Amino acid sequence: MTASSQNKNTNGSMENPEILEGYNFAYLDDQTKRMIRRAILKAVAIPGYQVPFGSREMPLPFGWGTGGIQVTASIIGQDDILKVIDQGSDDTTNAVNIRNFFGKTAGVDTTEKTNKATVIQTRHRIPETPLSKDQILVYQVPIPEPLRWLEHRETETRKMHALAEYGVMHVGLYENIAHYGRVTTSYDYPVQVDDRYIMSPSPIPKFDNPKMDKMPALQLFGAGREKRIYAVPPFTKVKSLDFDDHPFTIESWEESCALCGSSNSFLDEVITDDEGTRMFVCSDSNFCKEQIEKLTNAPLLQNGDGS
Amino acid sequence: MYVAVKGGESAIRNSQQLLAEERRGDRNVEELTLDQIQNQMSLAVDRVMAEGSLYDKELAALAIKQSRGDLVEAIFLLRAYRTTLPRFGTTIPIETANMSIRRRISATFKDLPGGQVLGPSFDYTHRLLDFSLAANGDVPDAVEAEDAVDQNMPRVTDLLNNEGLIEEEKTEDDSEPFDITRQSPKLPAERTARLQNLARGDEGFLLALAYSTQRGWGKNHPFAGEIRMGELSIEFIPDELGFPIEIGEITITECQMINQFKGSSEIPAQFTRGYGLSFGHNERKTMAMGIIDRALRARELDEQVQAPAQDEEFVLSHSCNVEASGFVQHLKLPHYVDFQSELVTVRALREAVNTDKPDEAEPIPGIVAAE
Amino acid sequence: MSIDEQSMSDLPIGKSFEDPSHESQYIFRQILKSMSEPGRIVTLNTQIIPPPPLSKATAAICLSLLDFETKLWIDSSLDTDEAKQYLKFHTGLKIADQPQQANFCILGTQIPNLDLFNSGTEDYPENGATLIIQTDEITDQAQLQLEGPGIETSKHLSIGTINKRFWLNRDNLQLLFPRGLDFIFTQNDITVSLPRTTKVTVLKTQLNGY
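Taken in order, these protein sequences are the chains called A, B and C.
Take the first sequence: its letters are residues 940 to 1246, numbered as in this note's numbering.
Take the second sequence: its letters are residues 7 to 377, numbered as in this note's numbering.
Take the third sequence: its letters are residues 240 to 449, numbered as in this note's numbering.
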């Protein structure tokens, strides 16, 4: 441990007066953390398999990231630097709220810079900046079961996963192609991990799916309400399901980002007036800012780091 | 020039200040005290304690006050607090035959040892708004009974049991009951896990499901064998003492439903049970719970599972209002990215259709429900 | 029994974490790194003093991950009263009589047949046990070649005096995936993991004269 971390006590530090009194470091009690840590280790050992865990009620509503929060709370330490994004952005209300939660309960340093973070909690996006070894990406997952829309019973889907009987998924995708001429699933597009488990990537746009493949960072997925944790270890094969005659493709735009000019990032559509005039801007706010900085060769003051 | 939306932090802060102000309401009106809520909104307190899985009237009253009377929100507050509490141990199982009864009724026998005790009940009130309460709440003291309630108040199901007419209440084995607050529930679930789930389950959900069985969605004709409400002392054996000590008293409501069962080649015809139990005075909840507990035993009793109330995975997965409220309301969170993905897909589909058949465009496929 | 009532001689020898919450977190993160990147040798910096024959790493892993909800089985070669008392006192874990009942096992280099351990079911493969194996040497020499999730291409590893039968045994177990056992090897304060997914090719069996 570093000298600076030893100055802090369990309930926070003198340096940060805003830390919540009377609660454990990162909110969860140690017993709960151990239970979640054991589940995480098994998830890593069985890539793509959903490990059931004794999910707790958190002070944020189920469905609002309680799985990701419990995973982050169980892995984070005093020396970590945390980044929280929702829809790719550090500034959406939910991201701000979760970042504040860890600021209040753990007092860890936070950042908006993707490459400075050691732990990144995300909802619905993978950052555009490639992640590196020793970073951990924590996904918030609403429905961890990729087969749920085809078979709603857990008792059935568990058997399918056990026996790797995934015919129903392929038939489902193929029927989709037969009807529309293409796979119309645009987010939460199912993947197969290490040629074994079919896994939900969480509702990221399929644009982000290729980033999961052989990612150098560890990917952890937490579904609090559904009480499941799963993982993809670094450098693990993650393949989006497709067919030889209908290969997997990602979204593309004719437009470029109106702010930074990027033509290879995921774009959000913004309506700018009553006539429905639209413009497109990067969904990853930090990536966009860095692109602008590169162009102007100077940091943008109003978007400075730190929160 | 367009600047990406920022400032979530101050918006959240301001919204919360406004919320606090709205909660307080008109400052010329006296502030509610927790005592007032505990005493005059006692059934709300009881519901919050039951579904919040924490027996503490003062904290439940605080949660109700903080949530502006939104009981599902109050239940959530109590649950979130509960998870942070250390667990010192487990109390001795309660024996409801020993409770000091305040209310006890049976719909199956006209009279029985201990008698029918109506107690405090809305049952035979005429539902007429009492305008005198709008003026002031003064009520005359209730009449005191000449005789104390009979100490001997056997449970109706025990009386039936003496004749062997009702199945024995038995635990599945000697193992500890399942604890859904510590472990991820497994399916098929043990009865202990089901009962714990129902005891914490949303009253409205259980009520609707129980009602559905009465209308034929899962044949299940119950008799309210007994409903009893009263106080019980809670005992705990500390490791260092080795003998039980009383650590407090709680109010509970218990409902024993009696259901028909034809019997089989091995078992002679006998009645079966459905069980409901709740913290506080929660009659509607415990009755609904008793009906659903019985309906969920379909598999065990070789009945066909046809209706939602009999479907264990359906009932257990959707009974928690903290989970349900969170997930339904999470749709308020930003979904810009997924929606953008859908826009790209729908536009591409429309374009493909327009290119192929410019004159007879197919209906545009609907947008899949967002996550 | 409360601590007061215990005589001093009942208190376990050795020293546990000084700051359990943060030290557990640090040790866990190191184990997570090790389990995510099979073959990566990770040091567990810790001031604990476990009673022999427990290695620092073995004890730190147990202190970090085990509690009253887990069952530990200790192989007879390492099963001393001091070790058991230390682990039970500091974690509250339960000791399993049979390896089959245990979530975690501590073993020496004489590894019994892997059939003895709980490898989970196809439905619930996470019930497969974690085996902590104390060895005499862990280096990155080319005794074993590792491939699989968590490894970019391939990696070399050498683990002391583990016999070849163990690796054959493990190969056979891998046919049952997703059922399986996950291994954490320890030596002093270093550790390396081989989760059930890692494919191991034995390059040299005689590396350490075994």
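Please keep in mind that the hints were generated in silico from the structure rather than gathered at the bench.
None of these values were measured; they are calculated from a predicted model.
It cannot be assumed that every hint is accurate.
[What the hints assert, rightly or not] Covered stretches of chain A, going by a simulated chain B footprint (3 or more residues, C-beta under 8 Å):
1. 987-996
2. 999-1005
3. 1011-1022
4. 1082-1096
5. 1104-1114
6. 1118-1129
7. 1144-1152
[Stated by the list, open to error] Simulated DEER-style distance windows between Cβ atoms:
8. B:Gly-248 to C:Asn-352: 41 to 47 Å
9. A:Asp-1184 to B:Val-311: 40 to 46 Å
10. C:Leu-415 to B:Gly-248: 43 to 49 Å
11. C:Pro-291 to B:Asp-76: 55 to 61 Å
12. B:Ser-239 to A:Gly-1106: 28 to 34 Å
13. A:Lys-1176 to B:Glu-28: 41 to 47 Å
14. B:Leu-349 to A:Gly-1120: 15 to 21 Å
15. A:Val-1107 to B:Glu-64: 48 to 54 Å
16. B:Thr-96 to A:Glu-960: 37 to 43 Å
Think of the CB as a built atom: it goes at the ideal place given N, C-alpha and C, for glycine as much as any other residue.
Here is what the structure says about each hint:
1. 987-996: This one holds; 6 residues, not fewer than the three required, reach chain B with a Cβ under 8 Å.
2. 999-1005: Since 5 is at least three, the answer is holds.
3. 1011-1022: Answer violated; 0 residues pass the 8 Å Cβ test.
4. 1082-1096: Held - the region 1082-1096 of chain A has 4 residues with a Cβ nearer than 8 Å to chain B, which meets the minimum of three.
5. 1104-1114: violated (count 0)
6. 1118-1129: n = 8 at 8 Å, threshold three: holds.
7. 1144-1152: n = 3 at 8 Å, threshold three: holds.
8. B:Gly-248 to C:Asn-352: 41 to 47 Å: About 43 Å separates the Cβ atoms of Gly-248 (chain B) and Asn-352 (chain C), which means 41 to 47 Å holds.
9. A:Asp-1184 to B:Val-311: 40 to 46 Å: 41 Å, holds
10. C:Leu-415 to B:Gly-248: 43 to 49 Å: Taking Cβ atoms as reference, Leu-415 (chain C) and Gly-248 (chain B) lie about 47 Å apart, which means the hint holds.
11. C:Pro-291 to B:Asp-76: 55 to 61 Å: Cβ of Pro-291 (chain C) to Cβ of Asp-76 (chain B): about 59 Å, so the range 55 to 61 Å holds.
12. B:Ser-239 to A:Gly-1106: 28 to 34 Å: Cβ of Ser-239 (chain B) to Cβ of Gly-1106 (chain A): about 58 Å, so the range 28 to 34 Å is violated.
13. A:Lys-1176 to B:Glu-28: 41 to 47 Å: Violated: the Cβ-Cβ distance is about 53 Å, outside 41 to 47 Å.
14. B:Leu-349 to A:Gly-1120: 15 to 21 Å: 18 Å Cβ-Cβ, so the 15 to 21 Å window holds.
15. A:Val-1107 to B:Glu-64: 48 to 54 Å: 52 Å, holds
16. B:Thr-96 to A:Glu-960: 37 to 43 Å: Violated - the Cβ-Cβ distance for Thr-96 (chain B) and Glu-960 (chain A), about 29 Å, lies outside 37 to 43 Å.
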